[in-house]
Amino acid sequence: MNIILASTSPYRRQLLSRLRLAFTCTDPAVDESPLTDELAADRACRLARQKAEAVSGAAGQSAAIVIGADQVACLGDQILHKPGSVGGAIAQLSACSGKKIQFWTAVSVQCHATRAHFQQLVSCEVTLRTLTSEEIERYVALDKPLDCAGSFKWESLGITLFESMQTADPTALEGLPLIALCDLLRQVGVSLPLAAQASQH
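So the sequence shown is numbered by the working numbering: it starts at 42 and just counts up by one.
Just so you know, not all the hints are guaranteed correct.
Claimed, not checked - Calculated cross-link-like contacts (lysine-lysine; reagent style DSSO-like; alpha-carbon spacing at most 30 Å):
# : residue 1 : residue 2
1 : K185      : K123
2 : K140      : K194
3 : K140      : K185
4 : K140      : K123
5 : K141      : K185
6 : K194      : K123
7 : K194      : K141
8 : K123      : K141
To be verified - With beta-carbon atoms standing in for the labels, derived distance ranges:
#  : residue 1 : residue 2 : range
9  : R170      : A209      : 17 to 25 Å
10 : S126      : A157      : 38 to 46 Å
11 : G230      : S197      : 34 to 42 Å
12 : D68       : L187      : 13 to 21 Å
What the hints contain is simulated information worked out from the structure, not anything from laboratory work.
For each residue, glycine too, the CB sits at the ideal point set by N, CA and C.
Input sequences plus hints: build the corresponding full structure.
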(Lines of atoms letter the chains of each structure in order from A and count residues from 1; the text may use other names and numbers.)
(Lines give C-alpha, C1' and ligand atoms only; values in the text may rest on other atoms or scores of the structure.)
Protein backbone atom coordinates (compact mmCIF):
# COMPACT_ATOMS: atom_id res chain seq x y z
CA MET A 1 0.00 0.00 0.00
CA ASN A 2 1.57 3.25 -1.17
CA ILE A 3 0.48 6.31 0.81
CA ILE A 4 1.62 9.80 -0.14
CA LEU A 5 1.24 12.91 2.00
CA ALA A 6 0.75 15.86 -0.33
CA SER A 7 2.72 18.25 1.85
CA THR A 8 6.22 19.40 2.72
CA SER A 9 5.14 20.56 6.19
CA PRO A 10 7.28 19.02 8.95
CA TYR A 11 4.31 19.39 11.32
CA ARG A 12 2.00 17.32 9.12
CA ARG A 13 4.71 14.74 8.51
CA GLN A 14 5.27 14.37 12.25
CA LEU A 15 1.54 14.04 12.91
CA LEU A 16 1.01 11.39 10.23
CA SER A 17 3.95 9.43 11.65
CA ARG A 18 1.90 8.92 14.81
CA LEU A 19 -0.34 6.51 12.88
CA ARG A 20 2.69 4.30 12.14
CA LEU A 21 1.94 4.15 8.44
CA ALA A 22 4.60 3.83 5.77
CA PHE A 23 4.33 6.96 3.61
CA THR A 24 6.27 9.43 1.51
CA CYS A 25 5.88 13.20 1.18
CA THR A 26 5.49 15.15 -2.06
CA ASP A 27 5.16 18.86 -2.71
CA PRO A 28 1.69 19.37 -4.27
CA ALA A 29 2.81 22.66 -5.87
CA VAL A 30 -0.69 24.15 -6.10
CA ASP A 31 -1.59 27.83 -6.31
CA GLU A 32 -2.88 28.74 -2.84
CA SER A 33 -4.15 32.19 -3.77
CA PRO A 34 -7.64 32.86 -2.35
CA LEU A 35 -10.60 33.18 -4.67
CA THR A 36 -12.73 36.33 -4.66
CA ASP A 37 -15.22 36.34 -1.77
CA GLU A 38 -14.18 32.80 -0.80
CA LEU A 39 -15.03 31.82 2.77
CA ALA A 40 -12.19 30.55 4.95
CA ALA A 41 -13.76 27.10 5.41
CA ASP A 42 -14.37 26.78 1.66
CA ARG A 43 -10.79 27.75 0.92
CA ALA A 44 -9.41 25.09 3.28
CA CYS A 45 -11.61 22.42 1.65
CA ARG A 46 -10.73 23.49 -1.88
CA LEU A 47 -6.99 23.53 -1.29
CA ALA A 48 -6.93 20.23 0.60
CA ARG A 49 -8.69 18.54 -2.31
CA GLN A 50 -6.53 20.26 -4.94
CA LYS A 51 -3.36 19.14 -3.16
CA ALA A 52 -4.51 15.51 -3.05
CA GLU A 53 -5.67 15.57 -6.67
CA ALA A 54 -2.46 17.23 -7.93
CA VAL A 55 -0.20 14.62 -6.35
CA SER A 56 -2.48 11.73 -7.30
CA GLY A 57 -2.53 12.87 -10.91
CA ALA A 58 1.23 13.35 -11.09
CA ALA A 59 2.09 10.06 -9.40
CA GLY A 60 -0.35 7.97 -11.44
CA GLN A 61 -0.61 4.28 -10.58
CA SER A 62 2.12 4.56 -7.95
CA ALA A 63 -0.17 6.68 -5.77
CA ALA A 64 -2.56 4.26 -4.11
CA ILE A 65 -3.75 6.76 -1.52
CA VAL A 66 -2.96 10.48 -1.35
CA ILE A 67 -3.63 12.67 1.68
CA GLY A 68 -4.03 16.43 1.27
CA ALA A 69 -4.64 18.98 4.01
CA ASP A 70 -5.01 22.71 4.39
CA GLN A 71 -5.64 25.11 7.23
CA VAL A 72 -6.98 28.66 7.26
CA ALA A 73 -6.90 30.82 10.39
CA CYS A 74 -9.11 33.87 10.90
CA LEU A 75 -9.35 36.74 13.33
CA GLY A 76 -12.88 37.91 12.67
CA ASP A 77 -13.08 38.39 8.89
CA GLN A 78 -9.31 38.73 8.52
CA ILE A 79 -7.28 35.73 7.36
CA LEU A 80 -4.11 35.24 9.39
CA HIS A 81 -1.06 34.32 7.34
CA LYS A 82 2.28 32.91 8.48
CA PRO A 83 4.15 35.90 9.95
CA GLY A 84 7.53 35.09 8.41
CA SER A 85 9.46 37.37 10.75
CA VAL A 86 9.84 38.15 14.44
CA GLY A 87 8.21 41.54 13.96
CA GLY A 88 5.32 39.96 12.08
CA ALA A 89 4.77 37.37 14.80
CA ILE A 90 4.78 40.02 17.54
CA ALA A 91 2.32 42.17 15.59
CA GLN A 92 0.01 39.21 14.94
CA LEU A 93 -0.04 38.08 18.57
CA SER A 94 -0.61 41.66 19.71
CA ALA A 95 -3.65 41.87 17.41
CA CYS A 96 -4.97 38.51 18.66
CA SER A 97 -4.39 39.17 22.37
CA GLY A 98 -7.57 38.54 24.36
CA LYS A 99 -9.48 37.50 21.23
CA LYS A 100 -10.85 34.39 19.55
CA ILE A 101 -9.07 32.88 16.54
CA GLN A 102 -10.99 30.49 14.30
CA PHE A 103 -9.07 27.71 12.56
CA TRP A 104 -10.53 25.68 9.70
CA THR A 105 -8.59 22.52 8.86
CA ALA A 106 -9.59 20.28 5.96
CA VAL A 107 -8.21 16.85 5.15
CA SER A 108 -8.81 15.00 1.88
CA VAL A 109 -8.08 11.41 0.91
CA GLN A 110 -7.89 10.41 -2.75
CA CYS A 111 -7.92 6.71 -3.71
CA HIS A 112 -6.32 6.17 -7.11
CA ALA A 113 -7.79 2.73 -7.82
CA THR A 114 -11.42 3.71 -7.31
CA ARG A 115 -11.13 7.46 -8.01
CA ALA A 116 -12.98 7.89 -4.73
CA HIS A 117 -12.48 11.11 -2.80
CA PHE A 118 -13.35 11.69 0.83
CA GLN A 119 -13.00 14.86 2.87
CA GLN A 120 -13.69 16.25 6.32
CA LEU A 121 -13.50 19.76 7.76
CA VAL A 122 -12.66 20.39 11.41
CA SER A 123 -13.08 23.71 13.22
CA CYS A 124 -11.08 24.87 16.20
CA GLU A 125 -11.66 28.03 18.21
CA VAL A 126 -8.75 29.33 20.28
CA THR A 127 -9.12 32.17 22.76
CA LEU A 128 -5.87 33.84 23.77
CA ARG A 129 -5.30 35.40 27.15
CA THR A 130 -4.83 39.15 27.33
CA LEU A 131 -1.09 39.21 26.77
CA THR A 132 1.45 41.82 27.79
CA SER A 133 4.04 43.06 25.31
CA GLU A 134 6.73 41.40 27.41
CA GLU A 135 4.95 38.04 27.31
CA ILE A 136 4.54 38.23 23.55
CA GLU A 137 8.15 39.19 22.89
CA ARG A 138 9.44 36.53 25.28
CA TYR A 139 7.28 33.84 23.71
CA VAL A 140 8.28 34.70 20.13
CA ALA A 141 11.97 34.68 21.10
CA LEU A 142 11.64 31.24 22.71
CA ASP A 143 9.35 29.39 20.29
CA LYS A 144 10.05 31.21 17.00
CA PRO A 145 6.58 30.58 15.50
CA LEU A 146 7.43 32.33 12.25
CA ASP A 147 5.92 29.62 10.03
CA CYS A 148 2.65 29.30 11.96
CA ALA A 149 -0.59 31.13 11.20
CA GLY A 150 -1.65 32.73 14.45
CA SER A 151 2.01 32.97 15.50
CA PHE A 152 1.98 30.22 18.10
CA LYS A 153 2.88 26.55 18.42
CA TRP A 154 0.25 25.06 20.69
CA GLU A 155 2.16 21.76 20.93
CA SER A 156 5.01 23.73 22.48
CA LEU A 157 5.06 26.93 24.58
CA GLY A 158 2.13 28.37 22.65
CA ILE A 159 -0.19 26.59 25.08
CA THR A 160 0.89 29.12 27.73
CA LEU A 161 -0.84 31.86 25.72
CA PHE A 162 -4.22 30.13 25.71
CA GLU A 163 -7.29 30.91 27.73
CA SER A 164 -9.32 28.13 26.10
CA MET A 165 -9.65 25.89 23.06
CA GLN A 166 -12.78 24.29 21.61
CA THR A 167 -12.53 21.54 19.01
CA ALA A 168 -13.54 17.95 18.35
CA ASP A 169 -10.03 17.11 17.14
CA PRO A 170 -7.07 18.84 18.85
CA THR A 171 -4.59 17.67 16.19
CA ALA A 172 -6.46 19.84 13.69
CA LEU A 173 -4.77 22.85 15.25
CA GLU A 174 -1.40 21.50 14.08
CA GLY A 175 -2.62 21.17 10.51
CA LEU A 176 -3.66 17.51 10.14
CA PRO A 177 -6.78 16.32 12.02
CA LEU A 178 -5.90 12.73 12.85
CA ILE A 179 -9.31 11.67 14.18
CA ALA A 180 -10.90 12.77 10.91
CA LEU A 181 -8.07 11.26 8.86
CA CYS A 182 -8.42 7.86 10.52
CA ASP A 183 -12.10 7.86 9.61
CA LEU A 184 -11.31 8.74 5.99
CA LEU A 185 -8.60 6.08 5.73
CA ARG A 186 -11.02 3.44 6.99
CA GLN A 187 -13.41 4.50 4.22
CA VAL A 188 -10.75 3.63 1.61
CA GLY A 189 -9.91 0.31 3.22
CA VAL A 190 -7.05 1.14 5.58
CA SER A 191 -7.80 -0.59 8.88
CA LEU A 192 -6.20 1.24 11.79
CA PRO A 193 -4.22 0.47 13.79
CA LEU A 194 -2.27 -1.61 11.31
CA ALA A 195 -0.88 -5.00 12.21
CA ALA A 196 2.69 -4.79 13.51
CA GLN A 197 4.29 -6.20 10.36
CA ALA A 198 2.44 -3.70 8.16
CA SER A 199 3.25 -0.58 10.15
CA GLN A 200 6.99 -0.38 9.65
CA HIS A 201 8.09 3.07 8.49
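Note to self: Verify the CB-CB distance for R170 and A209 against the hinted window 17 to 25 Å.
What the structure shows: Holds, since R170 and A209 (Cβ atoms, about 23 Å apart) stay within the stated range.
Margin query: Verify the CB-CB distance for D68 and L187 against the hinted window 13 to 21 Å.
Written below: This hint holds: roughly 20 Å between Cβ atoms.
Margin query: Checking one constraint from the list: CA of K194 to CA of K123, max 30 Å. Satisfied?
Written below: At roughly 12 Å apart (the allowed maximum being 30 Å), K123 and K194 satisfy the hint.
Next item on the list: Sort out whether K123 lies within 30 Å of K185, counting only the CA atoms.
Entry: holds, 12 Å
Note to self: For a C-alpha distance cap of 30 Å, please report whether K140 and K194 respect it.
What the structure shows: holds, 17 Å
Check: Is K123 within 30 Å of K141, Cα to Cα?
Finding: holds, 17 Å
Check: Is K140 close enough to K185, meaning Cα to Cα at most 30 Å?
Finding: Roughly 21 Å separates the two Cα atoms, so the pair holds.
Check: Quick one, are K194 and K141 close enough, alpha carbons at most 30 Å?
Finding: holds, 16 Å
Checklist line | Restraint status (C-alpha distance of K140 to K123 at most 30 Å) | finding: holds, 18 Å
Next item on the list: Using the beta carbons of G230 and S197, state whether their distance is inside 34 to 42 Å or not.
Entry: holds, 35 Å
Notebook entry, point to check: Does the alpha-carbon distance linking K141 and K185 stay inside the 30 Å limit?
Noted result: holds, 21 Å
Next item on the list: May I ask you to test the hint 38 to 46 Å on the CB atoms belonging to S126 and A157?
Entry: holds, 42 Å
No hint from the list above goes unmet by this structure.
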